[in-house]
Amino acid sequence: MSVDDVGELDTASQAASTFGTNVTTTYDAKPTSRVLWVDRFLTFIRFVFILVISVGLLAFIAQQINPQNPFAQWINPDATGLTAAQFKGLLVTGLAQGAMYGLIALGYSMVYGVLGFINFAHGEVFMVGAMSGMITSNKLADAGLWEDAFLFCLLFIVVSSIVLSTATAVIMERIAYRPLRGAPRLIPLITSIGVSFFLQNVSVVLLGPGAKSYPALPSWLSQKRSLIGFQIEGTKLVVLLTAAVSMAGLWYLVERTKTGKAMRAVAEDKEIAALMGIDVNRIIVTTFAVGGAMAGVAGILWGILFRSVIHTTGFLPGIKAFSAAVVGGIGNLGGAMAGGLSLGAAEATAPLMLLEPLGVDGVSQLRDAVAFAVLIFVLLVRPSGLFGERLSEDERA
Amino acid sequence: MLQISDLSVTFGGLHALRNLDFQVTEGEIVSVIGPNGAGKTTFFNMISGMVTPTSGDIVFEGESLLGLDPSQVTERGIARTFQNVRLFANMTILENVMVAQHCRTDQKVFGALFQTNAFKSEENAIREYGEEVLSFFGTRLTGYRLEQPASVLSYANRRRLEIARAMATRPRLLLLDEPVAGMNPRESAELTALIGRLRSEWGFTIVIIEHDMSVVRDVSDRVVVLDHGESIAHGSYEQVANDPNVIEAYLGRQVQDEQAEEETSP
Amino acid sequence: MTATSNGTPTLEAPGLDWRRQIRFSLIGALSSAFIALAGMPVGLDRRNIIQPLLSMGYLSLLWVPFVLASLAGSQVVLEGMTERVRSSKDLVAGALVGLGSALGLVALMILVKNFNIRDPLVNWSPQLLDLLSFNRSAGLGMVFWIVLGTTLGLMGGAMHVVPTAVRSKTLTVLLSVLAVSVLETFITDLLKGFQLEIFTDFIYYKRGGLEIVGALLVAALAIVIPLLVGDRITVVRTRVREMPADERSRVNLILLLVGSALLLVLPFFLGKITNELLANVGLFVLLALGLNIVVGLAGILDLGYVAFFAVGGYTTAVLTSPNSPGFSPQLPWPVALIVVVVLTGLVGLFIGAPVIRMRGDYLAIVTLGFGEIIRLLFLSDWLSGWFGGAQGITNIPGVDVGFATVNGIDPRSIFLLVLVFSAIAIYISWRLEHSRIGRAWMAIREDEDVAEAMGVNTTNTKLMAFVVGAVLASFSGAIFSAKVGSIFPTSFLMLISIIILVVVIVGGMGNIVGVIVGALVLIGILGGPKQPGLLQEFSEFKLLIYGALLVWMMLKRPEGLVPNVRRSRELHQEEFLQDAWLKGEIDTDDEENPS
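Residue numbers (numbering that gives the first Met the number 0), protein chains in the order written: chain A, 0 to 396; chain B, 0 to 265; chain C, 0 to 594.
No wet-lab data here; the hints were simulated from the structure.
Note that the structure is predicted; figures quoted are calculated from it, not measured.
Built from N, CA and C at the ideal position, the CB exists for glycine as well.
Treat the hints with caution; some may be incorrect.
SDA-like mimics (lysine to any residue), calculated; alpha carbons at most 20 Å apart, straight line [said to hold, decoys possible]: (1) K555(C) / F305(A); (2) K211(A) / N122(C); (3) K555(C) / P531(C); (4) K257(A) / I227(A); (5) K107(B) / L56(A); (6) K119(B) / K555(C); (7) K555(C) / L179(A).
Sample of chain C residues lacking proximity to chain B, with all beta carbon distances greater than 10 Å (derived) [what the hints assert, rightly or not]: (8) L147; (9) S259; (10) F267.
If you want a taste of the chain B side facing chain C, the calculated C-beta under 7 Å gives, among others [what the hints assert, rightly or not]: (11) S47; (12) G66; (13) V84; (14) N89; (15) C102; (16) T104; (17) A111; (18) L112; (19) N116; (20) K119; (21) P148; (22) T168.
Could you put together the complete structure from these sequences and hints?
Put into structure tokens, the structure is as follows:
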């Protein structure tokens, strides 16, 4: 900088000071530190998370080896430990639930991929599926068909629940989300919260507030069978199988068909896709429909697993399924399923394997807290999910 | 003032910038030119801390900028504008320049709640400095416009407001990303003159990305040409304009020199 | 295109869109049937509007043909287009929509009469049929509905045909009769405070609802009062507007002082129920003001906002209650409040720090997760040694202010306390909005990356929004525990976060007045998550209405009832620019303005 220029600069700052400014340019003051305290704090939280997990696991292992050993005694003298059978049981339960989360997560993941917002109401689509299954199965049971022709009934309730959930998802898209395309990001998100709230309460006012149950399952289904060293209840087997079949079907649809290709194109860039002759609206509706169908299947699986449904049934599984989608990497369909399975397994086993050895009481109450903690942990450690996101540049912002 | 050495950035296998060396001395106006996709905007994003380089170093006044957040880079005296104008469209014009003084001011919640004298005088100072910066562009952004939202401004005035907003952060190095894009010849000539005044009156050192060769010719002390993320030429405008590498980058191989001359200079 | 005499081209507006009418008829039919099956007519029949003519139950069905016919007939008037000449066709169209809605009910009646699917649909009942047929034979009821629906539809359609003055008068009369009836508890209570029971005894029926004479009186007043006072108000207003700035601000200050003085004496004229109700509204005003800073100003969607309310409530309980299971210092409430504020602020930092860098929608879901985690921790056996688990903490003393104790037994004192804290919260919101940090919040809401590039430390600034929001929620929590006297995990469901969000959005994001109006309208009339509002009968349906309202607001009026100028600009960018262009405000000319 030449001498003259420096002079000019001085006049400029003098000009500023004649306005009575006391705003000083703080070049000379100590600049803010490079590492914000937030970052330090985050590192600390990550560290604490990992510490808790490792100490808990170590304590668990110590107990499993010998409940009397000093480390286990020191951490939690009352812990009982798990037998292999218990552990396998927990794992299977977790995986079965996780498969269900995975099925719901697919819907979240697909909609997020295509429209870039969390459809909070997707959990309610799942609830609608479960409710419709409850109604049809009870009607079929009244007609005496449930026990006699169980497989036919199952097929029937699955199909009717798919139809109803798909219809819910599509109508929802048409009424609530389509008018909001291109609105600021927060708007469709808040709308979906409203839709979710509305659907829950529609169920309350139409069907009544109490919990409703599915008819008892035939005994041959709920029986335990042993399979590669695991004792698996038939219902859980059905859940796992159905999830696998649905997943395979979805994979075929997305990766191998023309519609799937169009979906991926729309997810990448809506405008370009439209220029390429893809009917974007139709593809978005298809996405909602496919997601809705998966949620419908998941609803029936919920009915089979828990045999009880209430208007809030969709809420927690919905949130957890979204967490599963994030854990697996949003927009990534395989990731959604894998995320569901890992989340299910984690929430089933972690309370007993991590928290109880650490001396926490009443661990089963903290299952849901564990699920959310998994979400927070994954987002802190790997914000793009375990298996990577697949999103267009836009939505990543 | 600014030293960039051996800077590279890759986006998943794509080399946006490769082994770039670049420096700016205080008081200079340097233009960065190059065909589309040459990595010019990435280059700015890197200096302003929005993209982290894969390797290399950026040193501003003896301090490395690597690992700093964009706001910290701005605090150290580098301000920028954006190629696709990004104003706070629903805030008023005055608020746009007021908010840009954030890192030069320090009143917190306490001052605002208790209306301390320090708070009031700082608010006044922010407002006055904001108006001063805006008046650099004549009356276009002042008067009744102060309280209008930025979204009503015409395209050229949005570009001007963006420059004003960058000025309001009290930088020493100003990065202008295509400041005259979308302006007509008269407006761009006017802005060219203003860029000169930014240096002479405000003492800013300036780096410009520009496609308009007449602006580049008129304002720059030095020109750096980027192509495929690499610096292929640098020097005065005349030197660069006649550099065979540059002509090749813009027009492809096997082109007559005269033609190239025609294309690059208006 | 035709050219009018002054040469500006205008476009002929299109004629009646019959497909639109048919669509609205279908919507009407479906909504009527849905409302009937949701149990509103039966459930709300207890509440009289005008005794014995109209009950809330019937009203829940009757508004459908009227409003839908009116909506179907409305059309956007564009600048430069002549408005379509209204004709008798509009009446026919309105009647058609009304008929459609009525037919929906008729179809439902036929189905209810002949089939029984009460098993899944709980409201598929003989009572519904009785009610729908006006306790006469079903056939007569159907004829009645068809006539009624068509008439109402006709009236709805007529709203566009009659002169504006008539239309606005009709609407004023309808709305004031409805309002006076809905506000019955409040008005009775207030007038009782002034020893004016005679008036309320005259207009209200003993067991709720207006008498016919009362309704007529209200209608007459609604017409007469604006005629008498209307002009004068405008005169005063223009006079104030024309005053010089300092005088105007003095007038505003006086108005503000008078207003607050009135508010402060108001509780002494109100009865227990109304004070209680307003105290509840006040608690939600506090919560909503806090969330407004987070969502409305800084644009961070925090769905776990109830967590701070819970922390505030529980901390107060632990610090003041002798029954606190773990640690019981039994501090006086004001001292506890300081600890509460500091602690909640810290919790705000603790929750905020990990989520603040996440992108908006992840942030929403993670904050929701935090909200649930905090509730589950309060509920858990693990921490029941400190927080009492499901049994909660009871026996929380009120606020001892020397001459009196403020607690739930005396809702008046609670209301006063809430008023004071609301005033503080309003002041905080107002000052912060117009400060360096408020501008930074707005910049972040507009474009976070650019704000960062312009030197705003977005992490710290957003955290600050989080902390300020948390502190305001902790006020509410502290008052809540003093008011209720006991605290349980079920007081802090995720539902509350959503309801606060609805209040903020319905009122108007980013707008203090809007937030207060939102809380008054929603919490005051419909009621909070557990607190009844003026329409107690609505308790079954209020959540349904909240959900529907949230969606409807987002679709039709995202800026809320009392919009913030900036927010509505953002949400209606295109319309705003069009208006500015038409008014010649837009800047198309790049010539330097003559100075």
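Query raised in the report: Can you list which hints this structure breaks, lowest number first?
Result: Violated: hints 1, 3, 4, 5, 6, 12, 13, 19, 20.
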